[in-house]
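Visitor: Spelled out from the first residue to the last, the chains are:
Number of protein chains: 2
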Amino acid sequence: MRTYSPVGFSHVAITGPFWRERLETVLARTVPSQYRQLERHGILHSLTLPQPVPPLSIPRDQRNLTMQVFWDSDVGKWIEAASYALTHRRDASIESQIDGVTELLSTAQMPDGYLNCWYAGREPEKRWTNLRDNHELYCAGHLLEGAIAYFQATGRRRLLDLMLRYVDHIDATFGTGPSQKRGYCGHPEIELALLKLYHVTANRHHLELAAYFVDERGRSPHYFDAEAAARGDDPKKFWAKTYEYNLSHKPVREQDKVVGHAVRAMYLYAAMAELATELDDTSLKRACEGLWRDLTGRRMYVTAGLGPAAANEGFTRDYDLPNDSAYAETCASIGLIFWAQRMLQLDLDTRYADVLELALFNGALAGLSRDGERYFYENPLESAGHHVRWEWHKCPCCPMNIARLIASVGGYFWSQSEDAVALHLYGGTATTVEVGGRKVAIREDSDYPWSGRIRISLDPERDAEFSLKLRIPGWTKQASAAVNGLPVNLAAIRKGYLDIRRLWRKGDTVMLDLPMSPERVYAHPLVRSDVGKVALRRGPLVYCLEESDNLGRRMQQLRLPRTADLRLVPRPDLFDGIATIVADCAALDTSDWGGELYRSDAPRETTAALTAIPYHLWANRNAGSMTVWMPEA
Amino acid sequence: MRTYSPVGFSHVAITGPFWRERLETVLARTVPSQYRQLERHGILHSLTLPQPVPPLSIPRDQRNLTMQVFWDSDVGKWIEAASYALTHRRDASIESQIDGVTELLSTAQMPDGYLNCWYAGREPEKRWTNLRDNHELYCAGHLLEGAIAYFQATGRRRLLDLMLRYVDHIDATFGTGPSQKRGYCGHPEIELALLKLYHVTANRHHLELAAYFVDERGRSPHYFDAEAAARGDDPKKFWAKTYEYNLSHKPVREQDKVVGHAVRAMYLYAAMAELATELDDTSLKRACEGLWRDLTGRRMYVTAGLGPAAANEGFTRDYDLPNDSAYAETCASIGLIFWAQRMLQLDLDTRYADVLELALFNGALAGLSRDGERYFYENPLESAGHHVRWEWHKCPCCPMNIARLIASVGGYFWSQSEDAVALHLYGGTATTVEVGGRKVAIREDSDYPWSGRIRISLDPERDAEFSLKLRIPGWTKQASAAVNGLPVNLAAIRKGYLDIRRLWRKGDTVMLDLPMSPERVYAHPLVRSDVGKVALRRGPLVYCLEESDNLGRRMQQLRLPRTADLRLVPRPDLFDGIATIVADCAALDTSDWGGELYRSDAPRETTAALTAIPYHLWANRNAGSMTVWMPEA
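Heads up: the protein sequence lines correspond to chains Y and H, in order. If you're matching positions, the first sequence starts at 1 in the working numbering and goes up one per residue. If you're matching positions, the second sequence starts at 1 in the working numbering and goes up one per residue.
Don't read these hints as lab results, they were simulated from the structure. Check the hints yourself; a few may be wrong.
One copy or two, it doesn't matter: identical chains are merged, so the pair holds either way.
Lysine-lysine pairs mimicking DSS-like chemistry, simulated, CA-CA at most 25 Å apart [to be verified]:
1) K241 with K394
2) K236 with K394
3) K285 with K126
4) K181 with K250
5) K257 with K439
6) K250 with K285
7) K236 with K126
8) K181 with K236
9) K257 with K236
10) K439 with K241
11) K257 with K285
12) K495 with K477
13) K237 with K495
One chain only, chain Y, in its complex shape (with noise of 0.2 Å):
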């Protein structure tokens, strides 16, 4: 059941700093690049139809298939991307990209309403005959979603109908009925398109086509065999070996192991939570509960990457997350967001926002750039230094992905009930809310994550009684409230909101104090690469070693004694400004050592000072190596 839902970003005015930065950059820098590199990387023009058949004789790893048969995701993200930029700030020029990109692909939609163009264009009798691989409904979701956006942003139709069209043949095609496909994406992102249109058109038939969606995923006898067969193949044969790669390894409900591709299960996760709340379904709200638990006990990187292994792009065994090999794909920290997002809306619980925080701040974030075109795809914790941002990748779904993210990252910040209205995170906004019946103006401001000191200010039409809901994440110690000078007794924090109820007048204003100290972090003792080291954070943000701060090569070398003070040193030349940690470090001492590589003494140590940067603007500078880990003196 629905208690609060999310204020979305277009009513959330970004105010502060550190993320007006941010925005602003992938706006002016971030948006319009990608739409270049789209045209320079020939997506754009594989869009244009009729397109040559590739030779489909050779086997599926040789011919390079998916990276065309996902390109329209790829358009689709952009066009979602660039919308939530038009949302903040209309630009005919990113206009009439999207409408010239609608144009084609009206041009491409056949006349049943089907709308892919890598099909439609190339192969359209095998349409529908390959959804374990191919991406076609991966690719409508993404085309649904830009489509969504571009009405909200605009106000035009032209593209949404288009795929309210092809939702429609979709909505034909699969479902239990007896002349229907039983089938279901090998990539989940349809379900949660589905659930966002619903929200725009009330339709309960595109909730229910995204429940059946979820629903069917991994029932016997298996769709993905029948399919399989059905082309030819040998459903044994499945190059991914196993079903987990697409979490359609059980039905949803019996899943209680992380598993497979990080992307596809964030994505899938996301879209239970979200049905939970939408049907009011205990059993999926208690599936995502247990999946939770798993992540984020067990399988999750310090910084909120996720997936340890390339080899499937995704998870591997408890415990197992290695530094310098993790894969931690930037589309799987938004995917958590995601999920952690739907997971606050079934349970106001700081754990889910603590997550959704920590995923922005870090395993996100760290995918973009600070000049807003570059990117990584992977987001490792631990580099010798050949770890380099690239301008485009083969498979390009990190770039906009962390564009629409940011570009919509307002919409994380608030969430609202009838009665009351929640903060989730800091760093300067501001809305509007109808809660208590009354139109409630409120704005944050802070320097967060910088600071932990923040005033909140109520400008409410008319004198309204409603809650007001604070997250105290659960890094602080000893946060501190008071509202018009007066302290409130934190005594009201439940699952780490603080619960300010009271008749809220014009002028109120609540002061928060979240302490931020640097602080150290330890990882469960299973976690093998992690034994004897330390990392450090401080508030939402985790901490690195570069060498361009840290000695140059000799920065692993560096020991963090367990007793010395981390202290905090403002860096207003760095970055626009950020605020390091340094301490006083043992650093082992190579000037004793000849040409032997091993010897029986210890090294000696000296003594150094370390600094670290936070994780998200770590390959921002020259090359070289970076760790999160530290060993520990």
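Since the structure of chain Y is provided, determine the placement of chain H on it from the hints.
Guide: Relative to chain Y, chain H alone:
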């Protein structure tokens, strides 16, 4: 200039328990089971000509070409190992197997002497067109080494005569003459075989041909460029990307960094070192010394494993020695033994013998299971439990390599010159040499590597004056020696060899004591993977922790305090009796961890005991984690 020559294994009796057990296992189990495997996997059958032509129209990386193209070498290496077995103990069944193979090879030999079953049976017109990739000369080398060994074991010449005809053909085909190809093999090996042949035939042509192959390597214009162009291939599209891969990136005398494919590097360097000795070539000697310093100072695992990367089966960057992903091919450590032995002929210096011994007892020996029928190709220094020994490999180079090494291990113990006998390794051997003009029987008795108390008994036919040079390993402290009970002044140690020169009489006895306490080993601080970690060794043996002895899954949580006493605990119940290293250590405690994966309090520690076993014995019990390096507390 050759001052010392190794005493061949056929003149050395293995009397001590350590190597006797390994040798008996290889004779009784390894050699016969390998013949069965060669039969079962079609490798023997591949010698029966003609064979069907594989579809060469498809690209090289898609037709498993090399799987077949080097099979002659596997047969050759098995003949060599089996012939060494025959040297110890004649066996009619093995001899008839080798005679059978000889018959097949005789049929395969072309009228002009060319002998390569892959080419002769499939595409004879393409012979000698791809020395870079297709292993023809490598195969020739291994068949030649097999033929020499069989001749020496049995006196039968048929196989050797076939190979001599082939060598004549090779000699006519390659060289600097106007009608000759100026080629050399992508995988060095023929050079070592020709040098072995030269020691049998004393035919200087054989020495000169070996020297040609070494000297020609890496010259400009580059032979592999020309050869690729002649095939119609683009030389720039070499799949391995760089000629460093096959050590032809520059002329050998200019090579000063250890790069490329580790086995190819070791075989080349071994040939360079032997040629430097045979030809008294100081420029080659200098190159070898530089490469040796580079390898042992920057690019060698503590186990003498070589080559961290699977991608090139070889070397990467200085100090890049990751433990869990270490490739460290068994054949590479064996190749290092070949090289070290030849460096020891150039210069009687224990730094060469130390590495030879380290590779023998660790990096190489780990490649063969206790039962003699299972193998490791890769020898990581850390495993989460997924490394399991296999019975056969699609590239079965390591099994026969470790078999031939152990079957001839006696050949690494002794060297001699006209008036000196040098003893490099201990563990119970006996030999008779001609030295100081007399025939002298010498035996060394010890329980090495479990004990460093060594007794050497001399039995000259008549009194004889000569130097007995005893290696004092680099790892020992406070060695002591006595002749007939009288202490020897250890000031006479030069480059790690104690020179005892005297008139030796029948019944003279030297007692040598090499104290071998368990000790800690630390890596150079630039080795990122080992910062804050410690390894254990005792004498020549590197130790490791295995789950079977250490708390199961909690093994990885053990931390060894720097001050903890290391105790030697004999374990007659393990592997027929070994010495373990036991220490009190700290164990991270998980009992106060709830469902959280990260926290700000350091993990609590309890005390525990760790038990380390010799590295070469790992993975002979239940599957489970293993580590050589453990965090220091």
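Visitor: Indicate, hint by hint, whether the structure satisfies it.
Guide: We went through each hint and held it up to the structure:
1. Taking the closest pair of Cα atoms, K241 and K394 come within 25 Å of each other both inside a single copy (23 Å) and across two copies (21 Å).
2. Only between protomers do K236 and K394 lie at most 25 Å apart by alpha-carbon distance; the minimum there is 23 Å, versus 28 Å within a single protomer.
3. For a Cα distance limit of 25 Å, the shortest separation of K285 from K126 qualifies neither inside one copy, at 37 Å, nor across copies, at 66 Å.
4. In this homomeric assembly, K181 and K250 come within 25 Å of each other (Cα to Cα) only inside a single copy, at 19 Å, whereas the closest approach across copies is 63 Å.
5. Taking the shortest alpha-carbon separations for K257 and K439, neither the intra-copy value of 44 Å nor the inter-copy value of 73 Å comes in at or below 25 Å.
6. Proximity of K250 to K285 under the C-alpha cut-off of 25 Å is restricted to the intra-copy arrangement: shortest distance 17 Å within a copy versus 65 Å between copies.
7. In this assembly of identical chains, K236 and K126 lie within 25 Å of each other by CA distance solely inside one copy; the values are 21 Å within and 39 Å between copies.
8. Taking identical chains as interchangeable, the C-alpha atoms of K181 and K236 lie at most 25 Å apart only when both belong to the same chain, with a minimum of 21 Å there against 50 Å between chains.
9. Taking the shortest alpha-carbon separations for K257 and K236, only the intra-copy value of 23 Å comes in at or below 25 Å, while the best inter-copy value is 47 Å.
10. For the identical chains of this complex, K439 and K241 are neighbours neither inside a copy (55 Å) nor across copies (67 Å), given an alpha-carbon limit of 25 Å.
11. In the homo-oligomer, the alpha carbons of K257 and K285 lie at most 25 Å apart inside one protomer (15 Å), although the nearest pairing across protomers, at 60 Å, exceeds that limit.
12. With identical chains, the CA atoms of K495 and K477 are at most 25 Å apart within one copy only, with a shortest distance of 15 Å there and 63 Å across copies.
13. Proximity of K237 to K495 under the C-alpha cut-off of 25 Å is found in neither arrangement, the shortest distances being 47 Å within a copy and 61 Å between copies.
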